[in-house]
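Q: If you want the building blocks of each chain, they are given just below.
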Amino acid sequence: MQMPEPDALVLSRRDAIVAALRQAVSDAVIDDPAETRAYECDALSAYRCPPLAVVLPRTTQQVSQLMALCHQLGVPVVPRGAGTSLAGGSMPTADAVVIGLARMTEVLEIATGDRLVRVQAGRTNLSVSGAVDGQGFFYAPDPSSQLACAIGGNIAMNSGGAHCLKYGVTTNNLLGVTMVLMDGTVVELGGPMGEAAGLDLLGVVCGSEGQLGIVTEATLRILPKPQGARPVLIAFDSSETAGACVAAIIRAGVLPVAIEFMDRPCIRATEAFAQAGYPDCEALLIVEVEGTAPEIDEQLALIRDIAQGFEPVEFRESRSEDESRRIWLGRKSAFGAMGQMGDYICLDGTIPVSALPRVLARIGELSRDYGLPVANVFHAGDGNMHPLIIHDANAPGDLDRAEALGADILRLCVEVGGCLTGEHGVGIEKRDLMSVQYRPADLDAQMRVKDVFDPRWLLNAAKVFPLEVSASRRDARPNLPPDAA
Amino acid sequence: MRPDSEEALAACISDTREAVSIVGGGTRLHPGEGAGARLDVSGLSGIVLYEPEALTVVVRAGTRLADVQAALAAEGQMLGFEPLGAPGSTIGGVVAANASGPRRVQAGAARDALIGVRFVDGNGDLIRNGGRVMKNVTGYDLVKLMAGSRGRLGVLTELAFKTAPLPPLRCTLCLPGLDAAAAIAALTDALSAPFEVSGAAWLPDRGALIRLEGLERSVAIRADALRDRLAAHGEVVEVQDDPWLLLRPDGGDPDGDLWRIVCRPGEAARVLSALPAPVSMDWGGALIHLRLPADEMPVLPRFAGHARRITGAAPAVLPAPDPVVARLDAGLRRRFDPRGIFAGAD
Ligand SMILES: Cc1cc2nc3c(=O)[nH]c(=O)nc-3n(C[C@H](O)[C@H](O)[C@@H](O)COP(=O)(O)OP(=O)(O)OC[C@H]3O[C@@H](n4cnc5c(N)ncnc54)[C@H](O)[C@@H]3O)c2cc1C
Ligand SMILES: Cc1cc2nc3c(=O)[nH]c(=O)nc-3n(C[C@H](O)[C@H](O)[C@H](O)COP(=O)(O)OP(=O)(O)OC[C@H]3O[C@@H](n4cnc5c(N)ncnc54)[C@H](O)[C@@H]3O)c2cc1C
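So the sequence lines, in the order shown, correspond to chains F and W. Position 43, counted from 1, in the first sequence is what UniProt numbering calls 43; the numbers after and before it change by one each time, with no gaps. Position 282, counted from 1, in the second sequence is what UniProt numbering calls 282; the numbers after and before it change by one each time, with no gaps.
Note that these hints are calculated values from the structure, not bench results. On a predicted model such as this, the values are computed, not experimentally measured, just so you know. Cβ coordinates follow ideal geometry from the N, Cα and C atoms, glycine included. Don't take every hint at face value.
If you want the footprint, here are the derived chain W segments under chain F, 3+ residues with CB under 8 Å [stated by the list, open to error]:
hint, segment
1, 36-48
2, 101-115
3, 124-130
Isolated chain W (complex conformation) (with noise of 0.2 Å):
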């Protein structure tokens, strides 16, 4: 199925008598998903609506991210929540994700941009919600709950972002001498200064990573102290090279899976001494990328967070949801979608 219209799709929605699973690009699809009838999304496509002086952009759901991207650019402006989306990522796709990059820290995640959706739920009903400014507290933020979903709820349609000006200038300052563990209290001592640091990682080979953006003045100003106040973590660098895509962990290794945990900042180093070394962290400790040998599960502590596997064969999530909110999830799954179409999803 591949709907070129809102109208057509909701047709499709209401006629099938089968499970389906909504595919954007298909570049991100978890374990378990795909396995319904493939309801491809990539037939609704174009910018519906784009302000930049009222920093609002509103795009269908299908909509290459790279295309998205390439008209924010040509106005000197971005996705603030910067997704690191692989080639082929469609904008309903990220959404559905929450996909978020390094920016994360600073300006949020893809739910805290997104102002409004239009969405069409398991019983072919098209829904409109929040609309294309940035405040809106008219009713219940369904955007909110649409943002993450993954297609469970319905298959968005059209997306409202509020979009953030390109900083003129990055800087990007390393560590290049610190494992993980050592990265976190680095990276935790920049974010907790008033630097406004919009990126706080650490790659395997690079050490930790600081980026600083915005007018050229500020940003030396901010570079200089930031070196100051790191500089009992150990030598810091300044980096010529843009490291920040380096943050997309490439699923294509076929011997191992892939898991992406969340936690506090200040348990990532009790989280990782648990774990073999990471592929990547990012969000000053947050987020952890782990690799581990296929269908082997991470013998984990007590946490405040979780860890999902991203790729391999099965779907996996640790701790097991709590009961109460898995009851609620479902509840809101069958309320959206009493005839389970979406159960495709996973």
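Next up, chain F with everything else stripped away, as it sits in the complex (with noise of 0.2 Å):
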């Protein structure tokens, strides 16, 4: 992965820098490279880099007057929550200042009446559910890797999860933050419903990958926790027909919570890895519905109704806890029984549902064409796939081939009307092939947006652009004026 240069003037500047950091907020500073090295990489684990050194602030206050310093300093800042990014988003360069919110974990408030909550932006994203639960309420974006990443993360991705089908991603729950512009100075953007009195900064914000501000606080949308959910399981044996069901389901107007897919290859794994007693078949569905169990039965009923027209091999209807969860229970595993099969990618595309069998099917003949394994596991609701290309990383040149293929497929979504990333973000990734979705117009347009709030193209500047795209604008850092918005 190419990175830019570091800068040198800053890298000959360390001990200044470092010093400078300390006055500013003295027991938070890490500059030993023994422990830097914790924050060399996030789960895209293949790529690595030792920041110049590492602050873990406590307060709003105490980031601003970081990034006023660094901003003076003309140091480059990498935001960090849990470092859970599966896209290199808070990778730094060796000339970068990590500032990690992870000290930053507080519940600023419950208002169960108006349904929010404020919280500091390094909380995790399941304890925020936690913190509403005994009132009955819950946050609804539900990422995998819920248990361990930061809200202020999961704003900069935009992320989504199983149950985004009903409720919506990060965006669509977000009122409010807290940020810090890379000058220092504090805005509060968004406000009761999220709407602003002028333009909609929060929408540009969320999603905008740590390049616009350092979000401290953030005010989310909470529910009322449903009365109930329970899953189906429906198998295929063919996947076309799994996915034609999934359409047919969402064409009759019902609107599961979830639904999941599963094909062959993964249903395999995940059996051998947590023997969650699936059928032997080429596809499955998970589909989940929520209510009163008077409400559940209406619902399951109509399932059934449609998945009869598709002969399925099975539908299983779960009729108690257990048998919920072991219904959920492979396909919870799916990550982890893949690991057992060898290093894998794990894609993130999303595609029309309409074009599911189409993809499928190439995606078949690519993954014979490279020869390397593809497993599909994907929320099929919403068309967000996540083709996982098992290779063996220690043999010589297979992580080449298998990226080669991702990008292949990558762009099969973007050629059949999709796009190259549903939830994990372009980071650094997928960074090279913004350009096979966006024309530079478009990547322009974007890139205006930073000139906005970060004119010198400090805050983790080598993410999300084509380096050469970005180049101009990173480039021009030392001649802009601080305040050229």
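Two chains, two frames, some hints: make the complex.
A: If you want it as structure tokens, here you go:
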């Protein structure tokens, strides 16, 4: 992975920079190489680079001081939540100071009457729900990493999860943020209902991958917990039929909270790993609905009617907590199971649901051409695919081949009307594919937003945009006055 | 100017020397808007792509809202955010205004259903963002930025939405006896329970209104549970007509200005106590429409939110925007419209 040359001037002033950081927040600076190593990568661990230093502030005020200082000294900054990005979004450069929010985990306000909660941005996703669980509420976006990942990272990546078919992704559940701009200015964006008086700045901050500012506090919409939920497992003898059944369920107007899809390679692997007792079939769906018991019955009866039309190999309706757990068990252990089969790259493209059969068939062909197995497990209701490319990272050339296959699959997603990433983000991983989806004018429009929020391109600047596309802006850095916006 | 293609529109923009005002149906220009040369987008119309099984539709911006709604209804679907456009409203105008009806409490606003845009910026360049899939985090989300931008950053030409199934059944419960302040408590109570309330509003002659939608049995179960829960607030009855369209406040009174206030529901009672009785209240108390004598400014307490005059002679927003937000706002406008062509917007 190509990264820009670190700024020699910054590197040469390392000691002075660390001293200045320490003066600003004495107890929060890490510069010992043995300790900064823990921050050299995120969950995309193939790419690493230790930062110049790491700072772990506790307050918005401290973040503001640190940002102002880095801005003044011309030091690049990389924001970091929990470091679970799968796109290399929080990987540092050698000349960068990592500002990590791991110590900012407080709940600032719970207002169930207004159906919102305000938290510091370092708080983990799952613990936000935990904080309001006692009052009968939950926070809906549920990335699989929710035990570890932080709300700030969720906002930066606009993360989603299995239940976002019904509840939407982060941007649909975010009402406001307190954010620190690169020059240290603190700003509040959003408002009640997420609606501000002017342009929807909150909307563009969400998903901007830590390039517009550091989010220190977030106001999140919370929802009353549903009274119950129950899944069914529907097994098919072909992937195409499973895909057609998904379309039919949606077409019929039932809107389940989740529709998950697994293909044979994935089912085999999870069975060997977790023994969930899945049927032997080409593809299966897990469909979950919510409500009171009679409401659930009503919805499941409808789904059963629709599914019968596709002659499923099996229709397994959960009748107890334990059966529900077993139905989800295989799906939830899918990634762990694939890990047992070998190294894998997890892709994250989205396609129109109508293109599902065609895309699955083509992925099968590509997999054979490249000689690498691909297993499919994904959020079928909204077309967000996660093809897993199995390879041997130690075999010479295997990783390169896997990456080339991955790029081909993502190009295919764009070709059929989809996109390069549905939830993991661009980061460094898909940076150089951006031109497949967007023309130069489209990319320029996005970069204009960064010009306004971070005119000197100091914040996480080597991500999202292909390096040659952002080069002139990043290189112009020293010549731009700090308030060129 | 009434271009009939994206190319013609782009040429119009790059050739123009004067400020333009983008007009869709012209049903909802805010005070101060419409002062520039009229740029009529109604020539850009038609549904480009509709895939009911993928819950997505792509439409040209000048298409009548009513035409979009009819096409979706024919397939048993709708725009979930339920825009209450006046006759003649265009889908581009709806998006540019982020116009969202009562179902916003449940389904989100126009911005939340919008998944892709094409627009021509102030340089005359065509820009695309998002696409036609529901989950997309490829690059910055300019889709959200364009929703509600009221033509200040560019002219929307094409829009992609996620659609929603039309619920088979709807049921509206009403607490007729409640005034606005008392209604807030009842609406909040309804929205805090797991009944998937899809409308929570108040109208002067009607009282508090709560809507449930979905499958037949499910609606009945939730309606019963809700009646029990709300009994403490007053008499609960089921209404037979459809009062939800009445939430579209008409701007027709020449003697008064219409104000639109967005606040936290928890602050609504305090905001209301300083003001005359509202014309309507929606979103569980978060959206208040109010009529004041022409040119009179409301006296508002400090609150998290804002008030905007939406009919009348001159634009007004309270409180004044935060200076940093204003700087970012102005910075974006300058980058997308360096010549100030869209200055005619306000
Ligand atoms: C009485 C009444 C009250 C209403 N109250 C509200 C309300 O409070 N909030 C709300 O959001 N909606 C409200 N609406 C809904 C209103 O109808 C919508 O704003 C919308 O339907 C207007 O559509 P239009 O085509 O007539 O837009 P127009 O009135 O033509 O334009 C509205 C705005 O959108 C811009 N615009 C129009 N087309 C484009 C385009 N293609 N590209 C870029 N910019 C464009 C215009 O410049 C202008 O700023 C109300 C409607 C009525 C009749
Ligand atoms: C096992 C596993 C499963 C996963 N499953 C899902 C899934 O189902 N859905 C999904 O969407 N993602 C998933 N992810 C990806 C990842 O968890 C998400 O992208 C998550 O939102 C990252 O959060 P984080 O706190 O770890 O952020 P980090 O990895 O620390 O950072 C991610 C990005 O956000 C920026 N950032 C972090 N904090 C801030 C802040 N406070 N202000 C501004 N920018 C900030 C960083 O600069 C970086 O660009 C998964 C990851 C793993 C390892």
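Q: For each hint, tell me whether it holds in the structure or not.
A: Results for each hint:
1. 36-48: violated (count 0)
2. 101-115: holds (count 5)
3. 124-130: Our answer is that it holds, as 5 residues pass the Cβ test (under 8 Å) against chain F, meeting three.
The earlier numbered hint that this structure contradicts is number 1, and it is the only one.
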